[in-house]
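J.: If you follow the hints, you should be able to join the two separate chains into one complex; please do so.
These protein sequence lines are chains A and B, in that order.
Residues 0 to 368 (numbering that gives the first Met the number 0) are what the first sequence spells out, left to right.
Residues 0 to 336 (numbering that gives the first Met the number 0) are what the second sequence spells out, left to right.
Watch out, some of these pointers could steer you wrong.
Stated by the list, open to error - Within a straight-line C-alpha distance of at most 25 Å, the following computed PhoX-like cross-link-like pairs (lysine-lysine) qualify:
{"hint": "1", "chain 1": "A", "residue 1": "K198", "chain 2": "A", "residue 2": "K55"}
{"hint": "2", "chain 1": "B", "residue 1": "K108", "chain 2": "A", "residue 2": "K220"}
{"hint": "3", "chain 1": "B", "residue 1": "K303", "chain 2": "A", "residue 2": "K191"}
Unchecked claim - Calculated Cβ distances over 12 Å to all of chain B for the following chain A residues:
{"hint": "4", "residue": "G51"}
{"hint": "5", "residue": "V104"}
{"hint": "6", "residue": "G224"}
{"hint": "7", "residue": "I249"}
{"hint": "8", "residue": "A337"}
As the list claims (entries may be wrong) - Pairwise CB distance ranges, derived in the manner of DEER restraints:
{"hint": "9", "chain 1": "A", "residue 1": "E79", "chain 2": "B", "residue 2": "A240", "range": "42 to 50 Å"}
{"hint": "10", "chain 1": "B", "residue 1": "M0", "chain 2": "A", "residue 2": "F105", "range": "55 to 63 Å"}
{"hint": "11", "chain 1": "B", "residue 1": "R229", "chain 2": "A", "residue 2": "E94", "range": "53 to 61 Å"}
{"hint": "12", "chain 1": "B", "residue 1": "R229", "chain 2": "A", "residue 2": "N93", "range": "54 to 62 Å"}
{"hint": "13", "chain 1": "B", "residue 1": "S18", "chain 2": "A", "residue 2": "D357", "range": "48 to 56 Å"}
{"hint": "14", "chain 1": "A", "residue 1": "L61", "chain 2": "B", "residue 2": "P184", "range": "52 to 60 Å"}
{"hint": "15", "chain 1": "B", "residue 1": "G137", "chain 2": "A", "residue 2": "E183", "range": "26 to 34 Å"}
{"hint": "16", "chain 1": "B", "residue 1": "M0", "chain 2": "A", "residue 2": "E79", "range": "52 to 60 Å"}
{"hint": "17", "chain 1": "A", "residue 1": "E79", "chain 2": "B", "residue 2": "Y163", "range": "56 to 64 Å"}
Everything labelled a hint here was simulated from the structure, so no lab data went into it.
Bear in mind that the values here come from a model prediction, so they are computed numbers and not experimental data.
Ideal placement from N, C-alpha and C gives every residue a C-beta, glycine not left out.
Listed here are the chains, written in short residue letters.
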Amino acid sequence: MEIKANREDFLKALYWAQSTVERRNTMPILANVLIESRDGNIRITATDLEIGVRAKLEGEILHEGMVTLNAKKLYEIVREATERETVHLRRLENEWVEIKSGKSVFKVVGLDAREFPSFPDFRSESLVSVPAKVLKEMIDKTAFSVSTDESRSSLNGVFLEESGGGKLRMVATDGHRLAFIEREVGSLRLGKGVILPRKGLSELGKLLEDMEDGVISIGFKENLGLVVRDDVELFMRLIESDYPDYGKVIPKENPYRVSVEQRGLLQALRRVSILSSDRYKGVKVEFRQGRMTISANNPDLGEAMEEVEVEYNGKPLTIGFNARYLLDVLGVLNDGTAVGVELKDELSPSVVREDGDDGYLYVIMPMRL
Amino acid sequence: MPFTEIVGHQKQLEVLGRSLEGNRLHHAYLFLGPDGVGKRTVALSLAAVIHCSFGNHDSCGRCETCLSIRDGNHPDVRVIKPEPGKREITIRQMRDLQRQLEFRSFSGKKKIAIIDPAHLMNIPAQNSLLKTLEDPPGDALLILISNNTASLLSTVLSRCLRLYFSFISVEETAGFLEGRKGIAPEKAKLLAALTGGSLGEALNCDENKLLDQRKRWIERFSSLSQGNHRGVMALAEEMAADRELSLQVVQWVEGWYRDILIHQMTGPEGEIRNTDMGEKIHEAASTHPFKHTLSVLSWIGRVKGELQRNYNRRLILENFLIKLVDRNPCGPGAVPT
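Isolated chain B (complex conformation) (with noise of 0.2 Å):
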């Protein structure tokens, strides 16, 4: 895809495009930003820049140098994702991308190698990774792309230049379901605030699941109510029946304590995100101590990422589920008496 036709990211892609006319590209970036943006639309972006013969300054997006990007099929760009079956990259597939690096390019052009989700590499292929990051054979380039820094090795991090993604602006999001996708402006609207500016997420989402169930899981997860640990064994068996659910519902959740967050800091006006639910955020901004929405933040950050990796579902979100309503003598949202 050429960069014209990116939504948002303009200044990413200015920079990006900056040391390309320059000839000053790093070798090692690490992408860095929320989910679903379109942090390896840009990566690919730029693999088809360095690669398409047509474009100038800019790929055409149509040849065959740049569908075969688009379709993995190049000889020289990469993209290293967890093999089929397996949560975590692992340190032979990192041996075989070094042993590919090893060769000249195929084209006569650099080699790209984009690692998405680079969080997913496990520890010792981030550690086997180094010496390529230093210092890659050739002209090599290495992309490596996450949502957090967390679980990558300070090692790994401090080889890379680091290339930050935000959100994309609301009304970025709407305009472009609006324009390309043909949806209705009210309803674009909602979904892009819904969706927070994950492009991916608003172009892919099941809309009665994200209106309807969406609500139905926040209401529980908010009616739970100080001790009541019955409650607590029944949702998390609930949840942990299936591993997308208990993602989306924990996401779901972390975006209802992310409006309760924003309410309390900056007030009514706030760019909420659950739209539809306005008031009961304020009830909960309002009754919830703001300590204990930073923590429970925090946990779901923790928590997402166990979720991912082969860990026991039940327990993770028993756990998670304990400290929220043991923590907070008033369970999440509910008004304390």
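Next comes chain A alone, as it looks inside the complex (with noise of 0.2 Å):
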């Protein structure tokens, strides 16, 4: 094999690459980058077996075939030659490669490309349309509230189903806070609900980043997703076991309702747990006629406490937050608009909502102070 292409598009297509392939070495095939040249395609791809990356590389091909580098050095290779060089890359006797850039020439070795673990085969037809705005909307309002506890599997990814009529559901959570989400995005075609995990749904993040109004190809199959965008696509392995039963968790009957400034709110929470303890981050918010007050109390450093004002008609309660699960929370929503509260009691999981959006809601466990 030998291809030929821009210094700067070689870059670009390794650029996805190279932040995917495997750190720990448990495969030795797997520190490297797959590169084919194929039907006037030339591909690179990488895989750390939880997800995988295929970038298109624009250039020229010489000779059809397929290697297999190390990424790292191949990118510094690649980032270290002169601004628009071409790099001229050709495969030797025994799995070694020839890199010519300029007046520099490399010899590196490669293993054996046929033992590359082969990127998942997807029919097109498969693959559905969806809007990269709205599924990065998605991501965003939920994936924060993904647990980071290894030994419960399932809650390590972001679940994702169909409830009918077009709409698409995701639901996160770490059994302290729940994220869920509904949009109309049209049918993707899944028999059950998958699980994503966490690692891919970053890259997922990354890929639909500045993507405005542009579409991304999405599609399933029993163990693996795969998305499009453009000229780089993405696997990810899904998570095995079940998602647990989330809608009872979700409060259907909370009877008072507060309404407050979704900034106002974000920003008051903000200063008060400065004095709130650093592992639980918990602040102390009671609910009146009219006006909230937050309040964090730490023996070590002293205490804090703010005023807000609000919509309340309800009976005076107060309740434990964990701050953080608030900040997250409101970081999310749309700047400026009013969010809900729906309330029941000191110790019954609490509602937060965002004005004239009936898709989204977010369950907040109390913390007992």
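T.: Printed below as a string of structure tokens:
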């Protein structure tokens, strides 16, 4: 195999690949990227077996074929080449590869390309187009609630399912809070719900950045999910276990409703939580007619208190919250909107919603203070 | 490697083959048996049979899937062994494995993890594996490979279906060496007898080392007389200099005592390994207290384990040799006066 490509194009394609490469090196070949030139396309693939990326490289094919090369070294070689220089890559005998750019010549040893894990085969008809902006919003508004506790594998990802009528649902929880979003995107032809792993979501988030009104193709198989954006393909392996029945933890009838402005509450919480304990970030929130008082008390440091104006007509309530959980959700809601908080009592979960958005809700467990 | 190309172990392959056909494969196996008889080969073959898409009830041994399993590059087949420079399988490796198993399989078929050798898992690693062993996520298959049960927790053992592997018969080994490796019949027979049914060893051994060095070391051992502590110290120091050497010599000595035991139990017609030292065995067997032979063999079992771990080799060997020359008033292999 022999190809030529511009340094900048090469870097762009390698950027996706090298961030995916396995760092711990359990299988030697995963430290490498696979470069294939076939049917007029040059493709660069990298995988850590959890996720995998295949990027198209604009370049000239002199001979078809494939090689694997150490991802880090190849990235460094291309990066250090002179700007706008052509990088010329040629396979030699016994998996050796020669890389030429300008006056420099590298000879790098690779591994047998046939042993590189094959990129999953997706037929194009199994892919569905989805507006990138909507998908990005759904991920942003849920992914922060994904659990980091490795012992509960089913919570280590975002649950994705169809709720009928072309609506797509994403749910994430760590047992203390739960984020739920439902948006109309058209059917994905998903049979059962699937769990997307955290790492795959963060790469997908990167892929969706600065796409504005573009569309992205997405499809699922029994064991894998695939996302295609123009010239980059991303696959992720799904998490095996069943997702817990999240419907049970969403309170149906919380009788009292507080309405508060998002920015004011966010800022007040930020200020007060400075003096809450570092570990639990506990704050006490007192709901009274027309106002809520947020306070934190830390024996080592002192105390803080702030009053926020709200619309509230229910009975007086005092509830403890983990300020971080509240800050997380307020941070992803639209700036300056009215936020509704539905309450029941000191020990029951509360629900946060954004006014005018029935498709999103956030359940938060209270803290005993 | 296809099942049909495996030397020996017909019973074990039949058991696995039947379970495969009936789709009744257990989720956790313990392949138990001496080193070098082909436990890992069988485990990898089983993985290949499950994953190969060409063979019918067996793997083809030639397709990309089969080759990548052989070379340890298949995404769904993992072999866990101590990391380079380490002598134990650590809890970190187990956590890694568990995390990997939480994902659905890459190819859509079974996820397979082979832990070889399982007895090198340290205690925390074994404990962390318990939940996975009992109820692996999805349709994962775990295969533990070990040469003894003593270093495995009873909680691990009870969760695995055991499959016992024994030595391959001398005839089978010799036949293989002759037929496929083109070794002369006479030599093949001696090699097969000396390596005692361990095909891996028979293939990899250095003949000269096996023939001359073995004899020399065994003679040195058997000539240690009672109270010769100076000799013990010198011998221990010499052996301790090199881990490989000390393990090898202990293994030879084990073979030697095994022969003595067999001779004592079954008489001169027994299947001894050190066929070239028959007379000496005969002599030692007649003068050796039977009980002593047994205790030496059990000490050797422990010494082998300790040598593989990070203990002070010289102390282990000195301790062993002193017991060897002191417990037996005649010294091993010596004629009583």
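J.: Look at each hint and say if it fits the structure.
T.: These are the hints, each one checked on the structure:
1. A/K198 with A/K55: 22 Å, holds
2. B/K108 with A/K220: 13 Å, holds
3. B/K303 with A/K191: 53 Å, violated
4. G51: Since the minimum Cβ distance to chain B is about 9 Å, A/G51 lies within 12 Å and the statement is violated.
5. V104: Since the minimum Cβ distance to chain B is about 29 Å, A/V104 lies beyond 12 Å and the statement holds.
6. G224: 10 Å, violated
7. I249: 26 Å, holds
8. A337: Non-interface label on A/A337 holds, nearest chain B Cβ at 40 Å vs cutoff 12 Å.
9. A/E79 with B/A240: 42 to 50 Å: Roughly 47 Å apart at Cβ, these two residues keep to the hinted range, so it holds.
10. B/M0 with A/F105: 55 to 63 Å: The hint (55 to 63 Å, Cβ to Cβ) is violated, given that B/M0 and A/F105 are roughly 38 Å apart.
11. B/R229 with A/E94: 53 to 61 Å: 56 Å, holds
12. B/R229 with A/N93: 54 to 62 Å: 55 Å, holds
13. B/S18 with A/D357: 48 to 56 Å: 53 Å, holds
14. A/L61 with B/P184: 52 to 60 Å: 55 Å, holds
15. B/G137 with A/E183: 26 to 34 Å: Cβ of B/G137 to Cβ of A/E183: about 32 Å, so the range 26 to 34 Å holds.
16. B/M0 with A/E79: 52 to 60 Å: 44 Å, violated
17. A/E79 with B/Y163: 56 to 64 Å: With a Cβ separation near 58 Å, A/E79 and B/Y163 satisfy 56 to 64 Å, so the hint holds.
When held up to the earlier numbered hints, the structure conflicts with 3, 4, 6, 10 and 16 and fits the remainder.
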